[in-house]
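**Q** Chain by chain, the residues:
There are 2 protein chains.
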Amino acid sequence: MALKIIVDAFGGDNAPLEVIKGCERAVRELGVSIILTGSEPKIKKCAGENGLSLSGIEIVHTDDVFDIHEEPKEIIKSGKNSSMAMGLSLLAEGRGDAFVSAGSTGALVMGATFIVKRIKGIKRIAPSPVLPGDNGSFILLDAGANTECRPEMLVQFAIMGSAYMEKVMGVKDPKVGLLNIGSEETKGRELEIEAYKLLEKSGLNFTGNVEARDMPRGDVQVVVTDGFTGNIALKLYEGMGSFFAKKVKWIFSGAGKLGALFSMGKIKQFRKQMDYKEVGGSALLGVRKPVIKAHGSSDGTAFFNAVRQAKRCIEGDVAGVTESYVARMSAADKE
Amino acid sequence: MALKIIVDAFGGDNAPLEVIKGCERAVRELGVSIILTGSEPKIKKCAGENGLSLSGIEIVHTDDVFDIHEEPKEIIKSGKNSSMAMGLSLLAEGRGDAFVSAGSTGALVMGATFIVKRIKGIKRIAPSPVLPGDNGSFILLDAGANTECRPEMLVQFAIMGSAYMEKVMGVKDPKVGLLNIGSEETKGRELEIEAYKLLEKSGLNFTGNVEARDMPRGDVQVVVTDGFTGNIALKLYEGMGSFFAKKVKWIFSGAGKLGALFSMGKIKQFRKQMDYKEVGGSALLGVRKPVIKAHGSSDGTAFFNAVRQAKRCIEGDVAGVTESYVARMSAADKE
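Residue numbers (the working numbering), protein chains in the order written: chain U, 8 to 342; chain W, 8 to 342.
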């Protein structure tokens with residue numbers, strides 16, 4: 008039976024048009040079926056006006072949309088009839104296999120925690136974007152949900168991230184690095200010093216501290232840190248990307264047509280490497296079933312990629328792999 | 008009388024040759040005199056072999072060099088005869104007006120704190136690099152010394168950074184931003200939430216939170232955060248800079264001579280904008296007298312710029328301005 012991906016039709020800046028575009032393409036190219044949550048008349052009207060087929064797409068109607076400026080906890084209160092909460096409930100009930108939304112990250116983390124629930128033994132859910140590096144991409148977690156963490160949470164992030172990189176990104180035995188302010192194991196705050204010790208005996212492929220300076224090299228595939236630091240690092244990564252893209256454009260504005268022509272292929276290749284749309288979105292790791300947070304400014308391609316990413320999470324059984332690792336580890340601790 | 012800058016002749020990867028080069032040029036172009044600390048025979052031999060003049064340069068001899076891998080606190084113990092500790096002592100004794108070293112940041116912070124001492128009322132010394140932004144440069148502090156901070160320390164960083172940007176960089180009424188994971192005042196950890204409130208009533212030109220994504224724009228001139236987060240942000244900034252410089256080079260390797268010719272001026276301009284050597288080094292703010300940490304890989308130009316930066320700190324009386332601001336604020340608190 009085809010996998011069924013639930014998608015929030017009213018999350019993000021370009022909803023519902025770009026959501027529908029991405030889903031139509033996903034049905035056609037990925038062989039999945041889709042459940043869209045949100046206003047049925049609006050979805051049908053938008054699809055009709057833009058000549059998009061809804062074949063393979065079921066709609067579960069709700070009029071409510073979760074406001075991005077609302078407090079995250081409202082997702083299980085005043086927002087419980089929103090297209091986001093509805094999608095999470097359908098996932099919890101087993102009506103679909105994964106959920107994609109471009110709505111509020113905070114609400115999605117909160118809703119995933121209380122509606123879909125965490126993997127057994129996992130303390131916190133972490134938004135986990137995959138970022139481009141020079142020698143390959145890497146996953147960064149926690150990227151913003153848990154601003155204060157205990158050392159054992161960082162170990163769990165390492166387990167979750169390793170499972171993802173291995174099962175979804177096909178990296179064998181991914182290297183894990185602890186984001187820190189120096190390479191020695193005595194560096195950092197109490198959090199890093201304790202997490203270092205725990206990671207060393209975790210059985211993961213822990214290669215020690217990674218300094219922020221070395222992150223863009225992409226020498227390790229899993230970078231763990233608390234949600235405050237991770238959010239700063241993620242957003243600086245994005246901000247520097249935009250800054251440099253602008254600069255490259257400026258430099259080339261004087262290169263003349265000939266120079267631009269020679270370099271255009273490489274610029275495109277570079278932009279593709281740096282483009283979040285290629286990745287899809289951030290997996291919310293630690294949830295019992297795959298939940299993908301698509302970027303707020305996602306277009307049809309980004310939504311298509313997010314659905315593809317959700318499909319790969321199911322196929323790779325990231326949650327199952329994480330759960331058995333955590334169970335093995337806690338059994339070893341008891342010995 | 009000419010200002011006298013004390014320079015550690017044996018700090019950094021390129022000591023003493025590049026240090027001497029920078030100092031020779033500083034004597035010639037800035038009208039300052041220099042005290043070099045370190046092995047007199049080695050300095051004289053190096054200068055002689057490379058045809059560098061030591062005119063205007065006094066040498067205060069010591070054989071010891073502080074090992075960069077040594078624990079910072081050793082600067083006031085086993086390292087107290089090192090060229091770094093000697094320079095700090097000369098500064099404390101009033102034999103010179105400012106000190107420049109490219110040695111260990113940790114040791115320099117420790118030595119500055121205990122040998123030169125802090126400005127009255129200032130709780131912590133912060134390494135404070137000036138970083139390039141699209142709309143102008145900005146100072147980031149604390150960039151690594153105090154991994155855990157209290158809210159009032161962030162306010163002091165804001166005062167120190169504002170004094171520096173105004174008096175050394177010539178920015179009138181510099182804007183202050185609190186590095187945070189969102190724009191609302193309720194965002195962040197207890198540290199940010201409390202610091203936000205204190206900054207609002209500080210009398211500084213506080214413009215609210217700044218997200219890491221917006222840092223490269225350079226819309227605010229003073230960015231304050233704790234030393235852990237600041238160090239991650241600084242090193243990621245540097246790392247992304249190298250990554251993109253490499254990419255730009257790669258893109259141009261196919262642009263053909265004509266295209267490269269058209270763009271070379273802009274590339275050079277961009278590189279200059281991103282180059283730490285142009286700035287000099289990181290001022291250690293909060294010390295009673297100017298102490299500049301030059302980059303470990305500084306060349307003659309970078310040392311020259313660090314000496315120029317030290318001179319500007321003296322001329323702008325950054326420490327005096329900071330002290331009177333802190334005094335005014337604590338008087339206002341008592342009212």
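Calculated from the structure, these hints are not laboratory results.
Every value quoted in this text rests on a predicted model; they were computed, and no experiment measured them.
Among these hints, one or two may not hold up.
One copy or two, either will do: identical chains are not told apart, so a pair holds if it fits within one copy or between any two.
Here are the simulated SDA-like pairs of lysine to any residue, each with C-alpha atoms no more than 20 angstroms apart in a straight line [stated by the list, open to error]: (1) K174 x D306; (2) K130 x L37; (3) K127 x S337; (4) K254 x F277; (5) K52 x S62; (6) K194 x H76; (7) K256 x G143; (8) K275 x E330; (9) K80 x K194; (10) K80 x E191; (11) K194 x E81; (12) K253 x K273; (13) K273 x G303; (14) K11 x E65; (15) K256 x R278; (16) K253 x E218; (17) K174 x G327; (18) K253 x A9; (19) K253 x S144; (20) K127 x N57; (21) K28 x S85; (22) K127 x E81; (23) K194 x D74; (24) K253 x D221; (25) K256 x F277; (26) K253 x T69; (27) K275 x A252.
**Q** Next, verify each hint and record whether it holds.
**A** Hint by hint, here is what the structure shows:
1. Taking the closest pair of Cα atoms, K174 and D306 never come within 20 angstroms of each other, the shortest separation being 26 angstroms inside a single copy and 47 angstroms across copies.
2. Taking the shortest Cα distances, K130 and L37 never come within 20 angstroms of each other, neither inside one copy (33 angstroms) nor across copies (60 angstroms).
3. Taking CA atoms no more than 20 angstroms apart as the test, K127 paired with S337 passes inside one copy only; the shortest distance there is 11 angstroms, against 52 angstroms between copies.
4. With identical chains, the CA atoms of K254 and F277 are at most 20 angstroms apart both within one copy (13 angstroms) and between copies (8 angstroms).
5. In this assembly of identical chains, the alpha carbons of K52 and S62 lie at most 20 angstroms apart only when taken from the same copy (15 angstroms versus 83 angstroms across copies).
6. When the C-alpha separation of K194 and H76 is checked against a cutoff of 20 angstroms, the pair qualifies only between copies, where the shortest distance is 13 angstroms, while the shortest distance within a copy is 38 angstroms.
7. For the homomeric pair K256 and G143, the shortest alpha-carbon distance between copies (19 angstroms) is at most 20 angstroms, but the shortest distance inside one copy (24 angstroms) is not.
8. In the homo-oligomer, the alpha carbons of K275 and E330 never lie at most 20 angstroms apart, since the shortest distance is 40 angstroms inside one protomer and 52 angstroms across protomers.
9. Only between protomers do K80 and K194 lie at most 20 angstroms apart by alpha-carbon distance; the minimum there is 15 angstroms, versus 36 angstroms within a single protomer.
10. Proximity of K80 and E191 under a CA criterion of 20 angstroms is satisfied inter-copy only: 16 angstroms between copies versus 39 angstroms inside one chain copy.
11. For a Cα distance limit of 20 angstroms, the shortest separation of K194 from E81 across copies, 17 angstroms, qualifies, whereas the shortest one inside one copy, 39 angstroms, does not.
12. When the C-alpha separation of K253 and K273 is checked against a cutoff of 20 angstroms, the pair qualifies both within a copy, at 16 angstroms, and between copies, at 13 angstroms.
13. In the homo-oligomer, the alpha carbons of K273 and G303 never lie at most 20 angstroms apart, since the shortest distance is 27 angstroms inside one protomer and 34 angstroms across protomers.
14. With identical chains, the CA atoms of K11 and E65 are at most 20 angstroms apart within one copy only, with a shortest distance of 10 angstroms there and 78 angstroms across copies.
15. Taking the shortest Cα distances, K256 and R278 sit within 20 angstroms of each other both inside one copy (11 angstroms) and across copies (15 angstroms).
16. Only between protomers do K253 and E218 lie at most 20 angstroms apart by alpha-carbon distance; the minimum there is 19 angstroms, versus 26 angstroms within a single protomer.
17. Taking CA atoms no more than 20 angstroms apart as the test, K174 paired with G327 passes inside one copy only; the shortest distance there is 11 angstroms, against 59 angstroms between copies.
18. For a Cα distance limit of 20 angstroms, the shortest separation of K253 from A9 qualifies neither inside one copy, at 42 angstroms, nor across copies, at 44 angstroms.
19. In the homo-oligomer, the alpha carbons of K253 and S144 lie at most 20 angstroms apart only across protomers (17 angstroms), although the nearest pairing inside one protomer, at 22 angstroms, exceeds that limit.
20. Proximity of K127 to N57 under the C-alpha cut-off of 20 angstroms is found in neither arrangement, the shortest distances being 44 angstroms within a copy and 68 angstroms between copies.
21. Neither within a single protomer nor between protomers do K28 and S85 lie at most 20 angstroms apart by alpha-carbon distance, with minima of 29 angstroms and 68 angstroms respectively.
22. Proximity of K127 to E81 under the C-alpha cut-off of 20 angstroms is found in neither arrangement, the shortest distances being 25 angstroms within a copy and 48 angstroms between copies.
23. Proximity of K194 and D74 under a CA criterion of 20 angstroms is satisfied inter-copy only: 18 angstroms between copies versus 41 angstroms inside one chain copy.
24. When the C-alpha separation of K253 and D221 is checked against a cutoff of 20 angstroms, the pair qualifies only between copies, where the shortest distance is 14 angstroms, while the shortest distance within a copy is 23 angstroms.
25. With identical chains, the CA atoms of K256 and F277 are at most 20 angstroms apart both within one copy (12 angstroms) and between copies (12 angstroms).
26. For the homomeric pair K253 and T69, neither the shortest alpha-carbon distance inside one copy (41 angstroms) nor that between copies (50 angstroms) is at most 20 angstroms.
27. Taking identical chains as interchangeable, the C-alpha atoms of K275 and A252 lie at most 20 angstroms apart whether they share a chain (11 angstroms) or sit on different chains (17 angstroms).
When the structure is compared with the earlier hints, violations turn up for hints 1, 2, 8, 13, 18, 20, 21, 22 and 26 and for no others.
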